Each structure stands twice: as structure tokens, then as C-alpha cells.
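> One line per chain: the protein sequences are Z and Y, in this order.
Using my numbering, the letters of the first sequence correspond one by one to residues 1 to 494.
Using my numbering, the letters of the second sequence correspond one by one to residues 1001 to 1168.
Hints in this document: simulated from the structure, not taken from any laboratory.
Computed from a prediction, not measured in an experiment: that's the story for all the values here.
Certain hints may be false.
Unchecked claim - Below, a list of computed lysine-lysine pairs in the DSSO-like style, where the Cα atoms sit at most 30 Å apart:
id : chain 1 : residue 1 : chain 2 : residue 2
1  : Z       : Lys427    : Z       : Lys162
2  : Z       : Lys162    : Y       : Lys1086
3  : Y       : Lys1056   : Z       : Lys428
4  : Z       : Lys101    : Y       : Lys1086
Stated by the list, open to error - Among the chain Z residues that face chain Y by a calculated CB cut under 8 Å, a handful are:
id : residue
5  : Ser185
6  : Val222
7  : Leu396
8  : Gly400
9  : Cys405
10 : Leu410
11 : Ala417
12 : Phe429
13 : Glu447
14 : Leu450
Stated by the list, open to error - Here are a few chain Z residues that sit away from chain Y, every Cβ distance over 10 Å (derived from the structure):
id : residue
15 : Met1
16 : Leu7
17 : Ala14
18 : Trp15
19 : Ile127
20 : Val258
21 : Glu286
22 : Gly340
23 : Trp353
24 : Phe462
Yeah, the Cβ is synthetic: ideal placement off N, Cα and C, and Gly gets one too.
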Amino acid sequence: MIEAALLGLAKVFAWPALGFMLLGVLIGIVVGILPGVGGLFSLAVLIPFTFKMDPSSAFALLLGAHAPSYTGGAITTILLNTPGDPPNAATLFDGFPMTKKGQAGRALGAALSSSAVGGVLGAAFLILLIPVMRPLVLLFAPPEFFMMAMVGIAFIAVISGKSLTKGLIAGGFGLLLGLVGLDMSTSVERFTFGTLFLWDGIHLAPVTLGLFAVAEMIEVAVQGGSISETMVASEIGGVLRGIKDTFTHKWLVFRCAVLGNIIGIIPGIGGDTACFFAYGHARQTEKNREQFGTGVVEGVIAPQSAINAKEGGALVPTIAFGIPGSAGMAILLGAFYIQGLKPGPDMLNNNLWLIFSMAWTVALANILAAAVCMAFANRMARVALLPGDYLFPVVLILCGIGAYCTRNALGDLVVTAIFGFVGYAMKKFQWPRPVVIIGLVLAKVAEKNLHLSLRLYHETFFLRPITIALILIVIVTLVLTLRGRRRERRDLPA
Amino acid sequence: MRFSFRHTFNVAIVLLLGIYVITAIGYNPTARLMPLVVSIPTFILAVLNMISDFRKQGRRVVPAETCGLRNEAGAQPTAGSESHRKELIIFLWVVSAFVSFYLLGFIISTFLYTFLSLKVRSRFHWGVSLAVSVGSLAFLYLVMIYGLRVDLYQGKVILMLRKAFFGY
Chain Z
1 MIEAALLGLA KVFAWPALGF MLLGVLIGIV VGILPGVGGL FSLAVLIPFT FKMDPSSAFA
61 LLLGAHAPSY TGGAITTILL NTPGDPPNAA TLFDGFPMTK KGQAGRALGA ALSSSAVGGV
121 LGAAFLILLI PVMRPLVLLF APPEFFMMAM VGIAFIAVIS GKSLTKGLIA GGFGLLLGLV
181 GLDMSTSVER FTFGTLFLWD GIHLAPVTLG LFAVAEMIEV AVQGGSISET MVASEIGGVL
241 RGIKDTFTHK WLVFRCAVLG NIIGIIPGIG GDTACFFAYG HARQTEKNRE QFGTGVVEGV
301 IAPQSAINAK EGGALVPTIA FGIPGSAGMA ILLGAFYIQG LKPGPDMLNN NLWLIFSMAW
361 TVALANILAA AVCMAFANRM ARVALLPGDY LFPVVLILCG IGAYCTRNAL GDLVVTAIFG
421 FVGYAMKKFQ WPRPVVIIGL VLAKVAEKNL HLSLRLYHET FFLRPITIAL ILIVIVTLVL
481 TLRGRRRERR DLPA
Chain Y
1001 MRFSFRHTFN VAIVLLLGIY VITAIGYNPT ARLMPLVVSI PTFILAVLNM ISDFRKQGRR
1061 VVPAETCGLR NEAGAQPTAG SESHRKELII FLWVVSAFVS FYLLGFIIST FLYTFLSLKV
1121 RSRFHWGVSL AVSVGSLAFL YLVMIYGLRV DLYQGKVILM LRKAFFGY
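Chain Y on its own, in the form it takes in the complex (with noise of 0.2 Å):
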């Protein structure tokens, strides 16, 4: 039996479900009720979910492509690894956008994100990424920034260069 995706999701339910009913059982009474009471039975349904689908996909003919075998030929990528390598790329993607927050701050993350995500994944004309790019920047500037005043978040490296070049 192909351990898939799907069964991994599975398991992390049940594995997350398990560790929260475990954490609630040593509160004391009062803090336990609830959490107990909603646990319990999500935690059963979860492992038997979890159960029927391994049965499920025992009984299920599944394609030799869609699981990422070679096919014949033995030479073409097939259409399972080539989306699973695609949402690899793109969850890449997403967190190096909240890292770049964290560290650069949103408003240089915006230019920086939307230039570097339209140049380079999407392989615009450089043009066009700047203009957006920009046009970003400047909405958020005008609106956020100095429409509605908003204090955003500067960037860890920033404020460490803030600290080391201007003492505050």
C-alpha cells in the first residue's frame, strides 16, 4: 500500500489531536471540561477517518502515473511528480514571502516580494514586474502608511541596521 499525502494529513490529525488530548488531560477540572469534551470524540472520529481511508485506498486501482511511477517509455516526468515538484516550488514561495517579512519589513518586502515573484517565477518582462512592483510600494505607501497611519512592521535586519548605524 502507497503511503500518500492524504494518509500523511491523516496522521498529522490524529497525531495533533492525540498530543491535545494528552496536554488537557493534566489541566485541572474546570480548564479541562471543554477541551476534553470537544477532544475526545474529534480524536476517535479522526483515528477512524484515518482507518477508512488506508481501507479506501487498499481497495482503490490506482494509476501507475498519478503515483508517480514511470510509465513504459521510462523517459517523461509524470503528471503526479511534476505537480507535487510545482507545489514544492510554490510553497517555497510562500514562506520565503513571511520570512522576507520578518526580516525586511513590509514595505521593502513589497517591492522586493512582488518584483522578485513577477521577475523570476513568473518570468515577466522586467518592466512590467517594476511597474507593478512600484505600483504596489505606492499603494501601500499612500494607503496604509499615510492615508490610515498605519505602524508596520520594520524588518529584524532594518532595525538591527537602525541600531548599529543610528543608536535607537
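Next up, chain Z with everything else stripped away, as it sits in the complex (with noise of 0.2 Å):
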């Protein structure tokens, strides 16, 4: 084992792979911080190139421009309200207050640290967790599946701001934009109103756009001025206050690590969801939780180090099993069979260099992505300085070509224009918008699990062990949540 994990590095530093993936770390930052072309993108135009490579050399430009698209994509996020990559949404919940109070610096440092830290964590779960995968991967079928989104669901409650109502019927908005489209189970044409468009459903990076980006620079304009009308000379320099903030946070980095790989390795959640599930948990648990949504580093911290976390999670089916844990995972696939490799216990036996070489791979694209934007990080953060004027045609215009760019629809601009509007409403009128995002996310994941769990187990389906479990986390979350809204409600000055 030993042997391999060194042959694997020393593949990983052998020319011309590191040549690669320096290359593919550079192309994954450019596409992570373009919103709408995330790390999928990367992976799907980046596979032809690969044909003629040796393994070791394919899998340094793939996973190299894959593993750190959403580290490029914090950027956009915090700076600008613009998700690079539609999981980096959770990330903007605290990460543009933090630019509005002037600390677009800090929210830079820890959202790379964190993403560079995630993403070794990922990568050395990969390696420990090959061994032990397939009884782990075995004990999650659909009622667990089911459970798990009633989880994330649950989170709308934790996260829905001053207003628990307004939160609910939020909550509930997203999870009926998920349902839009055809019915998985009969095929039956749900809320389309005869539009072809919408039989494919509404897709999450449309709406995030439109509800985040669009909705921010409709508010820079109507009320003039810059992003972060505060941010000083010496806030401008916090990148290093942020790296040290995520290490200050070592066990929050951890913990929320250790979530994003487990929902990575768990093919059916959907990474997509990590990065909530994150969030929800660092409110939950972080003393500071009242002030999560305003700004705080914690809220910035937690889904970075998941959904970078994810993606070592996703490669453990991936390779063991031949089963992808994302959709990224789903093209990397087509490169194992491109390269001549058959992912399952051939590879274990066989190719264990490999999966060294990938875990390897992984853990240094992250280090070295996070190290390329720190150094810009700094000037990028005078972005937020800059006069609205400029920004709102420039990010209007990137908000289209992220929004046609997802699946190539016009149909997509509407959605974008349209939420764009109901973002900015919402805004107004103090109403809480992630949790539509979140709603929209597990909608489906919900849907199709539960008719499968009715199918398979009948109603008894939440009677097996680890259900049980879940709903208890289900219970815990809204029993706690309820009684620190009453505790708040009664510590309120009369």
C-alpha cells in the first residue's frame, strides 16, 4: 500500500502529468469563477484531449481542472453575489454580507483556505475509505435517501432568517420550482403549461443567478454607489485574517469535511447538497449562530470545506464500484473507459498507483488553486469598490451567458430575468431567498426517493435502523430551532 501511495506520487510529480495538471488548475479557476460553465464544463471539453495521454497524465488535466472549479467559484460569490458554480450558493449567504461590511478580503482567505484544506481532507478520506466502502455505500438505499433530504429540509427551518413563516412558504416555493417538469415515476407532464422548456424542469443555476446576482445589481442601481461602500485600506489586506480564521476553525473545517465526503460518497443525494447541508450544520452548531446570514466567517467557511471535501467522496463509488457519486464523476467515468480501465476491484488490485495518483492529484490542485487566487486575492477584493455603474452591465451580461450556457436554452434567460425580480422583491420585503435554493436542490431527491421507498419497503419503509436515526436528527433540528427562536423572542427587549 505504502509502495503505491509513493509510485502514485512520484507519477503525479513526473513530467509531463504535473505539466498537466498545472495547466488543468489554471483552465478549472477560469471556468470555476465563470458562472454557469462550472467544473462539469471543464471535464466534458476537456476528455477529447485526453485520447492519446498516458492514465497518470489524463487524470492530472481532468481532476486538476475539476477538483478546483468551486475555489474559483467562491470568488465570484463573495465578490460579486454571483455563484461561479451553483453549489457555491450556499457560500454566498455570509460571504457578500462579508463584502458589504468591507471584509471581502477576509471572506476570500477563508473561503480558499477552506477549499484547499476540504479538499486534502477529501482526498485522504478517498484513500482511507477504499478499503471500507462497500459495506459504508450498501447500508444507504431509498428510505435513507429520503431521510436524508428530509434532513436537508429541515435546515430550510434553521436558516430561514427572522421570519419562520416566511421561511416555510420560501421553503416550500423552492421545493414546488423542483417539481416542475416531468413526473419521474409517470411520466406526467407537472406545472410545464404546455411549454416544452419547462419539461426538463427549472434548473438550480437560472434561478440562483437570477435570485442572487441579477436581484443584487437591480438593488446596486436602484440605490447607487459600490458593493461595500466601507471596506478600508487594512480590510483590504484580510486575506491573511481569513486564512487564520479557518484554522481558528480547524474542527468546523472537520466536521464539515467529513459531511461533504460522506454525502460525496453516497451516489443519489447529489453533491448539490453538501454545501447546504454544511451551512445548516455550522448554524446549528457555531455559538454565534443569531448572526449566521449577516456576514460571519463561519457561514463562509462551512461550505467550502464541504463541497471541496465532496469531490473525494464522489471518486470512492466512482472507483470501487463504477457507480458515480456526482455528475461529475458521471463524465470521469467515460475517461476510465477511454484510458482502457474497468473502475471495481480489477482497479483496487491492479491500478491502486492510480487511485493514489488521483488522490495525490486532487489534494495538490486544491493547494495550488487556492495558492493562484490568494495571490490575486487582495486586488481582487477592490472589485467591490468599484462604482455599480460599472459592474451592472458587465455582471448582467455574465449572468446571460451563465444562465444560456447551463444547457444551452433561452428559456433559461427567462427563468434568470424572472427570479431576477422575484430575488430583488424578496429582498425588499425582508423575505428569506436560500431557502428556495434549497428547496429547489432536494425537491426531486425527495420525490423520486420516497415513491421508490413506498415501492420497495411499503409504509413501513421508516422503520429501518439508520431512517430512525434521521428522522431523529429531523426532530432535533426543529425541536432546538424552535426553542432558540422562542429563547430569542423572549431575551427581545419589550
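With the hints as a guide, dock the two chains, each given alone in a separate frame, to form the complex.
Next up, the structure:
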């Protein structure tokens, strides 16, 4: 095993694999920054270039480009309220408020360093978990997936902000949006109103771009000025403080990385949910939970460490069973076959060095990406000081392109525009917007697994041990949240 | 009682959820299970929220200026109406961006929209407007088209002209 680990490391540092990894990292950062064209896009575009490469170079390029895309995505998320990749949406709940408070540098430092640490932990878990992979994955069936989705939905109550009623309505609205399109069980058209575009459902990216980026630009344009009016010279250099924050909250980073990794391992939950789970977890467990959503560094660290760790987790079932743990891994699976590799026990026995090489690549790519971004983080933080008049057309165009590139459909432009206005109204009338995204992400996962559970295990599906444990988590989450809210109300001065 | 934008928004949500519930009832039992489980409680909460907001508004003392009413001098526009006028103009700018993407495609829109937004809306010097527009176009072309080879939408008008002049 140690021999394979060392051989894997040597292969990563051998030429030309190292060069391909560096190239991949640069591509990954650029692609991550651009809204709408995320890690999946870079994988799909780069696969044809790997046909004639050896396996170590091919995976260095592909994983080098894929691993840091969420790191790059954090930059526009924090500075412009425009998620580079849909999973970055959870980072904007506190990342953008930090920018508005004049702490863009600190937020960037925390996001980049927690991404790097999360990525390294994800790679470490990949190596540690491979021997115990099989029983872990087999523990999860549709009832557990359904209850995992319910845990996510319970977090709606946690991050609803001041008004629980508004939070629940917005969360319900998000869930209903997620149910638009062809029903997976019966192929019935639901809420499509005869529009072919809606058969495929409403995609996460255009909704997120509209609700957050377009809405923010409308607000900046209406109010005038820049995103941050309060940034002072000393705070621009807050990157180091952000890095320090990551290490001060090392246990939060570790817990969220474990959470992200577990969600990444389980095929069927959808890696996009990892960041929301991590955010909800941080909001529940941190001492300053009342301040979440107003720009606290823990709200940036938690989702970033989880989304970068989940890719290491998603590699586990891909390698061990040939079952992709995320959409990105499904594309990567194609690369395995192009290279003549067959994922599964055969790969574990005969190409263990390659698995280690992949783990090293994920870890190194995350560190390199964070280092490259940090080198420019101070300059990038100045974007927050630019007059909103400059940003307004540029961000609107980026949103339009990002929405269109999601699936090359003009309908997504309409969705972005509509949700831009909805997002602005929600912000103005103090409705929580993040819960809409959580609902949208979890709706299909919950529905599909509810139907499967009912068919396979009938009405007693919730009596399985892990399902019972998850039900308890849902109950504890709701009870603690409601108790906290009651206490807050009681403590308010009359 | 004054019917504000907040109330319009609440009523719109209630109507939307009401349509959702009515539409969902028409589906077969499997297809409507989840939509009804979610939409009925959400609809009830939305109605309760709307009623509570109306009642709160009734109790609240609203300063005349925020309602868009004239002050005693009668001549100056109020902060409320000025803000709504600004919002309306920005909304039109946002709509025009998406309409221009549809009609002219991303490449022409990037240049044209950036230039018009900076020159007409923000009243920047034409040199600055031109420089930022050219910069945006160059970035789009170099990164998206040349670098990533993304197939960007060309625009309804451009496609029609191409068909008229070149036959494809």
C-alpha cells in the first residue's frame, strides 16, 4: 500500500503529468469563476484531449481542472453575489454580506483556505475509505436517501432568518419549483403549462443567478454607489486574517469536510446538497448562530470545505464500483473507459497506484488553486469598491451567458430575468432567499426516493435503523431551532 | 388601507400557490402526492402571512412621505415615489438586457448593452464607455469563444439576416 502511495506521488510529479495538472488548475480556476460554466463543463471539454495521454497525465489534467472549480467559484460568489458554480450558492449567504461589510479580503482568504483544506481532507478520506467502502454504500437505500433529503429540508427552518413563516413559504416554493417538469415515476407533465422547455424542469443555475446576482445588481443600481462603501485600506489586506480564521475553526472545517465527503460518497443524494448541509450544520452548532446570514466567517468556511471535500468522496464509489457519486464523476467515468480502465475490484487490485495518484492530484490541485487565487485575492477584493454603474452591465451579461450556457436554452434567460425580479422583491420585503435554493435542490431527490421507498418497503420504510436515526436528527433539528427562536423572542427587550 | 407593493407581492404568492394546488389536484395519485403534500400547507401559510401583513399594515402609522403623498409645500417629489421611479427604470434596463440577448445574441449585446448602459444610464464619458465595452467584448471573445469554444447564441435578428442574405 505504501509502495503504491509513493508510486502514485512520483507519477504526479513526473513530467508531463505535472504540467498537465498545472494547466488543468488554471483552466479550473477560470471556468470556476465564470458563472454557468462549472467543473462539469471543463471535464466535458477536456476529455477529448486525453485520448492519447497515459492514465496519470489524463487524470492529472481532468482532476486538476475539476477539483478547483468550486475554489474559483467562491471568488465571484463572495465579490459579486454571483455563484460561479451552483453549489457555491451556500457560500453567498454570508460571503457577500461580508463583502458589503468591507471584509471581502477576509472572506476570500477564509473561502480559499478552507477550500484547500477541505480538498486535501477529501483526498485523504478517499484513500482511507476505499477498504471499507462496500459495506458503507450498501447501508444506504431509498428510505435513507429520502430521510437525508428530509434532514436538508429541516434545515430550511434553521436558516429561515427572522420570520419562520416566510422561510417555510419560501422553502415550500423552492420545493414546488423543483417538482416542475416530467414526473419521474409516471411521466406526467407537471406545471409545464404546455411549454416544452419546462419538461426538463427548472435548473438550479438560472434560478440562483436570478435570485442573487441579478437581484443584487438591481439593488446596487437603484441605490447607487458600490457594493461595499465601508472597505478601508487595512481590511483589503484581510486575506491573512481569513486564512487564520480557517485554522481557528479547524474543527468546523473538519466536521464539514467529513459531512461533504459522506454526501459525496452516497450516490443519489446529489453533491450539490453538501454545501447546504454544511451551512445548516454550522448554523446549528456555532456559538454565534444568530448572526449567520449577516456576514460571519463560519458561514463561508463551512460550505467551502464541504464542497471541496465532496469530490474526494464522490471518487470513492466511482473507483470502487463504477457508480458515479456526482455528475462530474459520471463524465470522469467515461475517461476511465477511454483509458482502458475498468473501475471496481479489478482497479483496486491492479491499479492501486493510479487511485493514489488521483488522490494526490486532488489534494495538490486544491492547494495550488488556493495559492494562485490568494496571490490575487487582495486585488480581486477591490472589485467591491468599483462603482455599481460599471458592474451593472457586466454582471448582467455574465448572468445571461451563465444562464444560457447551463443547457443552451433561451428559456433559462427568461427564468433568470423572472427570478431577478422575484429575488429583488424578496430582498426588499425581507423574505429569505437561500431556502428557495435548498427546496429546489432537494425536491426531486425527496420525491424520487419517497416513491421508491413506498414501492420497495411499503409504508414501513421509515422503520429501518438508519432511517430512524435520521428521523431523530430531523426532530432534534426542529426542536432546537424552535426553542432557540422562542428564547430569542423572550430575550428581546419589550 | 393602502395597497402597497408588499401586499401585491403577498397576493401574487398566494395566487401562484393557489394555481399550483388546483393544477396538482388534476394529476394522477402518484404524480400529485408530493406536490399536494408541499403545496397545501405552503398555500395555507401564505394566506395566513398575507392576512397578518394586511392587519399589521392597518395598525402601522405610515409617514405621508413614504406613501408617496405630497408634503404640505406640495411641489417636491417624495422619497417613496422617487425610489419607485428609479426601480421602474432599472427594471426596464434589466428587461432590455435580456431582450437584447434574445434579439442580437450575446456578442453584439455585450458591446452594445455595456456601452449604452454606461453612456446613457450612468452618463459616463464616451471614451470610458467605449473602453469598458471593448474590454468586455474582448474578454467574452477571448475566454468564452476562443478559449473555451462555447457556442453562444447569435440572436434572432442576426439569424434572420444571415438566412436572408446567405441562405443558411
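> Just pull the numbers of the violated hints for me, sorted ascending.
When the structure is compared with the hints, none of them turns out to be violated.
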